[in-house]
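Colleague: Each chain, written out:
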Amino acid sequence: GAVVSQHPSWVICKSGTSVKIECRSLDFQATTMFWYRQFPKQSLMLMATSNEGSKATYEQGVEKDKFLINHASLTLSTLTVTSAHPEDSSFYICSAQKTGTPTEEQFFGPGTRLTVL
Amino acid sequence: QKEVEQDPGPLSVPEGAIVSLNCTYSNSAFQYFMWYRQYSRKGPELLMYTYSSGNKEDGRFTAQVDKSSKYISLFIRDSQPSDSATYLCAMSVNTDKLIFGTGTRLQVFP
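Just so you know, the protein sequences line up as chains B and A, in that order. Whatever position you read off the first sequence (first residue = 1), add 143 for this note's numbering. Whatever position you read off the second sequence (first residue = 1), add 152 for this note's numbering.
Next comes chain A alone, as it looks inside the complex (with noise of 0.2 Å):
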């Protein structure tokens, strides 16, 4: 088993749906949750960053976290076609390695 599991996709929507990611967890050591946006050939961009458990917002975009499902999200409100890239989570125990999903490719459609 993985230590992070991210559904792959690809996950198509239309211009202004809510869009809704998630990738779950085995270690319960895990307390730094990321979500990165990766467009293609180019470097992950961090979108959020949150640490144990609770909510996070900014802009369109709020972070989930569960620690007791060992469960995150990511919520895209308003998604735009300039949104589709792919999307990775990760996570860590302090701050320094980071394990990460595989990544969902998201693609928004006009």
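Chain B on its own, in the form it takes in the complex (with noise of 0.2 Å):
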């Protein structure tokens, strides 16, 4: 299997407060883990690449100071939204990418439903 969890499902918090999002790959190793942000009806877009062991590469438009990202081991990646505001509040979704097969096929978790106040 490839099971991916995140941890909270969802979370409510203050405007100003930090809240962590952990993305987890359960039965696998992954070296590199993605983070999406999803709106209400419309796609996923990728907000950064998280790689084992080094920075994570975020795309443009993303604040790297704002979302933190930290990929600590082969099974955990955290992001970390820093003093969020009510315009941060959406579903952030992470995958990990199961490496060594020959499509390394990226697996989603559930995804985090943020709601900020």
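You may find that some hints are simply not true.
To be verified - Result set (DSSO-like, lysine-lysine): computed pairs, CA atoms no more than 30 Å apart in a straight line:
1. A:K222 x A:K154
2. B:K209 x A:K194
3. A:K249 x B:K207
4. A:K208 x A:K222
5. B:K198 x A:K154
6. B:K207 x A:K154
7. A:K249 x A:K154
8. B:K209 x B:K163
9. B:K241 x A:K222
10. A:K208 x B:K184
11. B:K209 x A:K249
12. A:K154 x A:K219
13. A:K208 x B:K241
14. A:K208 x A:K194
What the hints contain is simulated information worked out from the structure, not anything from laboratory work. Here the structure is a predicted model, which means the values were calculated and not measured.
Build the complex: two chains, separate frames, hints provided.
Modeller: Set out below in structure tokens:
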């Protein structure tokens, strides 16, 4: 199997606070994980690529100081939304790439719904 | 122009119908083509994965890639109410950065 979990599944926080979201590959190791954001009725937009043991690569327009990514092990990546504001409210989804297979598919977590009041 | 275009629907069909979902793209460098199914408030689930052009079949699902036309399709035969979901196409140049379509919402009614 290739199971990816996310925690928490939903979170509500006050404006100005920070929120940490965890992404874990449960039954495989993932050198590379990806973080996406999805607004209602819109597609997934890649925010950043997270590589184990190195700095994340952010997509254009994504503030690296606001969205802190840490990929400390081959099974865990975290996304911290710092000083969250209502416009950061969204559905955050991670994926983990199963390396060593011919297609190196990405397997997605169930997502975390963030609501900033 | 978006790199990947997908009709958002919604597409409503009766149970048993053949469903055709499509995406067009502009980047001729795309080599990997995927279809994902996403239920409401859930993460995407990989349905089909195709490299380069051609057809791929898996049960009731068939994926087609026409690189000359920059057009990909997903066909669902004998559609079921449980197929009701949003279907996302995605593609990439290599195996990392995925570019997604906006998704087509499908509803199969009994």
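Colleague: Hints first: check each against the structure and report whether it holds.
Modeller: Results of checking the hints against the structure:
no.: 1; hint: A:K222 x A:K154; verdict: holds (13 Å)
no.: 2; hint: B:K209 x A:K194; verdict: holds (25 Å)
no.: 3; hint: A:K249 x B:K207; verdict: holds (18 Å)
no.: 4; hint: A:K208 x A:K222; verdict: holds (17 Å)
no.: 5; hint: B:K198 x A:K154; verdict: holds (29 Å)
no.: 6; hint: B:K207 x A:K154; verdict: holds (24 Å)
no.: 7; hint: A:K249 x A:K154; verdict: holds (16 Å)
no.: 8; hint: B:K209 x B:K163; verdict: holds (12 Å)
no.: 9; hint: B:K241 x A:K222; verdict: holds (27 Å)
no.: 10; hint: A:K208 x B:K184; verdict: holds (28 Å)
no.: 11; hint: B:K209 x A:K249; verdict: holds (21 Å)
no.: 12; hint: A:K154 x A:K219; verdict: holds (17 Å)
no.: 13; hint: A:K208 x B:K241; verdict: holds (21 Å)
no.: 14; hint: A:K208 x A:K194; verdict: holds (26 Å)
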